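Number of protein chains: 2
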Amino acid sequence: MSDSDRNINPSLRSRKRIHPSSTSTETYVEQILAGNRTFLSRAITLIESQQPRHQEQAQAILAACLPHSGKGIRIGITGSPGVGKSTFIEALGQMLLQEGKQVGVLAIDPSSPMSKGSILGDKTRMAKLSREEKAFIRPSPAGTSLGGVAQKTRETIILCEAAGFDHILLETVGVGQSEVAVHAMTDLFLLLLLPGAGDELQGIKRGIVEMADLLVINKAEAEREQLARDTQRAYRNALHLYPPKDSGWTPQVAAGSALNNTGMDKIRSLIHQYFEHLQKKDLLIRKRREQALFWFEETIDQQLKLFFQRDQAVQEAMTKIRQQVAKETLTPFQGAQKLLDIFLQKNT
Amino acid sequence: MSDSDRNINPSLRSRKRIHPSSTSTETYVEQILAGNRTFLSRAITLIESQQPRHQEQAQAILAACLPHSGKGIRIGITGSPGVGKSTFIEALGQMLLQEGKQVGVLAIDPSSPMSKGSILGDKTRMAKLSREEKAFIRPSPAGTSLGGVAQKTRETIILCEAAGFDHILLETVGVGQSEVAVHAMTDLFLLLLLPGAGDELQGIKRGIVEMADLLVINKAEAEREQLARDTQRAYRNALHLYPPKDSGWTPQVAAGSALNNTGMDKIRSLIHQYFEHLQKKDLLIRKRREQALFWFEETIDQQLKLFFQRDQAVQEAMTKIRQQVAKETLTPFQGAQKLLDIFLQKNT
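These protein sequence lines map, in sequence, to chains A and B.
So the first sequence is residues 2 to 349, counted in the numbering used here.
So the second sequence is residues 2 to 349, counted in the numbering used here.
Honestly, I wouldn't trust all of these hints.
Since the list can't tell identical chains apart, any single copy or any two copies may satisfy a pair.
Said to hold, decoys possible - The calculated lysine-lysine pairs, modelled on DSS-like cross-linking and capped at a C-alpha distance of 30 Å, are:
| no. | residue 1 | residue 2 |
| --- | --- | --- |
| 1 | K246 | K328 |
| 2 | K321 | K306 |
| 3 | K102 | K328 |
| 4 | K306 | K339 |
| 5 | K282 | K321 |
| 6 | K246 | K282 |
| 7 | K129 | K267 |
| 8 | K288 | K135 |
| 9 | K328 | K306 |
| 10 | K102 | K246 |
| 11 | K339 | K288 |
| 12 | K328 | K72 |
| 13 | K135 | K267 |
| 14 | K288 | K321 |
| 15 | K328 | K281 |
| 16 | K267 | K102 |
| 17 | K306 | K288 |
| 18 | K281 | K72 |
| 19 | K72 | K321 |
| 20 | K339 | K72 |
| 21 | K282 | K72 |
Calculated directly from the structure, the hints in this document are not laboratory data.
Given the structure is predicted, the values throughout are model-derived calculations rather than measurements.
Please put together the full structure from these sequences, using the hints given.
Here it is as structure tokens:
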């Protein structure tokens, strides 16, 4: 691997027209395990490709990398637009780099196709971090279905970890369900909040606060410091109303300014405490196992549905039966049963 | 049909060992359409039966009754234990009976098998209503899966409407997801609340308040009247924070005491206003259509999953593959793919 390979920002390279599958799977695996980010980036492109040939190779690469993954610390970061997610990720990322860590930054955004240029792909957004050699920034994979995007992102995490990245920061860019997906593929779920407003006014969906392991009131700059402290106290009180987490961890609320780099040490130390808590009780292994099984079942459901929807005979009968159900000349159950009979007759 | 048939409380009768399928489908349909509640009750027992022969007849009866259903007004009623749901249903039910309506009272409780005696089956719980000839009270169908219980309840609504019941009061007895199911099969979703405490302290799950079309602060008796008024105002203010409903209806907050029968006229009139609003804009038809399609898709998903889980080859391979996924020697996607290959190989 040449030095120039190492230095080219992979998020730029991935935009070029490349032919990833002209390289052998063995080479990919070898280079990824050696930490070559150009090959890592190309392998992620294979994961994201719709071509069966690419998908096949991607799965082979993943199978070989899987035993070398799992050692990273996976942090999900969410919050409303305007809360300062990218500034926070820059600050936290640089902090980790200074500790000698290798940081991968990924995103989930089912709404914006990559071709349009995900915000994360914008170099100006994380200008400092994107210049760092030990950081790897990858925009959200394209896709309209959250399930598809989530799968690609989980597979990207595996490759990043196999390539030696020991801290994965996973940002939610989309709204709504993407937080749930990120929560289900990370070890720590961090929610960024603004000083002052309650979570409903901030556009935080109900249920998100309960999922958080660490809440950070960001933008606690001079004139908002008192407000941030009040907000911090309000959330601390509110968290008492929620049932305790299975892990036994009490969600913590910190305040700071990623922009001015204040309060970041405390946040770093809380992240550390959280992982110590998980590791002490073997909870990390259990959490990862539960997550793997969750996605296993999700994938089966999705794929079964897809297989059903793509069935020729089902497609031909669907429109009429749907209409009958909508007009209530068939009960939903009877309509479903008719379609399933058509499907099963052909498939059994 | 004899008079004695009409007068026997069907919720008692349904507990007896009966052999419903010795009666022809034609007789069932004829008697149900004539408003014979003994046959209605027996047909519901067929719906609830696990025997294929019974299920088949139940579906035939449903198909014949379906064109005669849909004219009822379906009201879902929810609230925490202790809020006074049964007293409220008694008061509202008797009010409707006095107007000359025919009232069916059903419940959804996936957690308590009917054999144990659902609370609703307890005559003392709705003593007045259960003595009324024009009221029909049926306990929640048995079942551990909410999907199954929900299907049976939706089918019971069809039969009740075909039998001439023009008001269906559907109570949630279980917690959690059953509110979502009841919301998806009723026209109006009514949430009962206690004076004083906020919804989180009352054990109301997040998301339930947003689903409500009508909130009733119950138990607003003398000493709690002021508190009830404060709570009413607090909820009115809180509701402004939620996005407007697709129907254009602004959720209303009323207060009253079902026990003392105060405030019930106002509540009755709000229910009336709500349905006028829906009917004026043809929203009821649209709502029902959306609900039918929702359950249609839900049923397909459930049945597909069931078919997959019951597959012999899938069952044989499942344990090992699940373990590999849990141990992360296979990615969730690879594990799912392996199982699906086994399933599809056999079924295509």
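Hints, one by one, checked against the model:
1. K246 x K328: between (45 Å within a copy, 24 Å between copies)
2. K321 x K306: both (19 Å within a copy, 23 Å between copies)
3. K102 x K328: between (60 Å within a copy, 26 Å between copies)
4. K306 x K339: Answer is both; intra-copy 16 Å and inter-copy 16 Å each pass.
5. K282 x K321: Only across copies: K282 and K321 sit 26 Å apart there, 55 Å inside one copy, limit 30 Å.
6. K246 x K282: This pair counts as within: shortest intra-copy Cα distance 14 Å, inter-copy 45 Å.
7. K129 x K267: within (22 Å within a copy, 63 Å between copies)
8. K288 x K135: within (28 Å within a copy, 54 Å between copies)
9. K328 x K306: both (24 Å within a copy, 26 Å between copies)
10. K102 x K246: For K102 and K246, only the intra-copy Cα distance (29 Å) is at most 30 Å; the inter-copy one is 48 Å.
11. K339 x K288: Answer is between; shortest inter-copy Cα gap is 23 Å, intra-copy 40 Å.
12. K328 x K72: This pair counts as between: shortest inter-copy Cα distance 14 Å, intra-copy 54 Å.
13. K135 x K267: within (23 Å within a copy, 67 Å between copies)
14. K288 x K321: between (45 Å within a copy, 20 Å between copies)
15. K328 x K281: between (58 Å within a copy, 19 Å between copies)
16. K267 x K102: within (18 Å within a copy, 65 Å between copies)
17. K306 x K288: Answer is both; intra-copy 27 Å and inter-copy 25 Å each pass.
18. K281 x K72: within (16 Å within a copy, 61 Å between copies)
19. K72 x K321: between (52 Å within a copy, 24 Å between copies)
20. K339 x K72: Between copies only: 25 Å across, 48 Å inside.
21. K282 x K72: Cα proximity of K282 and K72: one copy only (17 Å, versus 58 Å across).
This entry satisfies every hint, going by the numbered hints stated previously.
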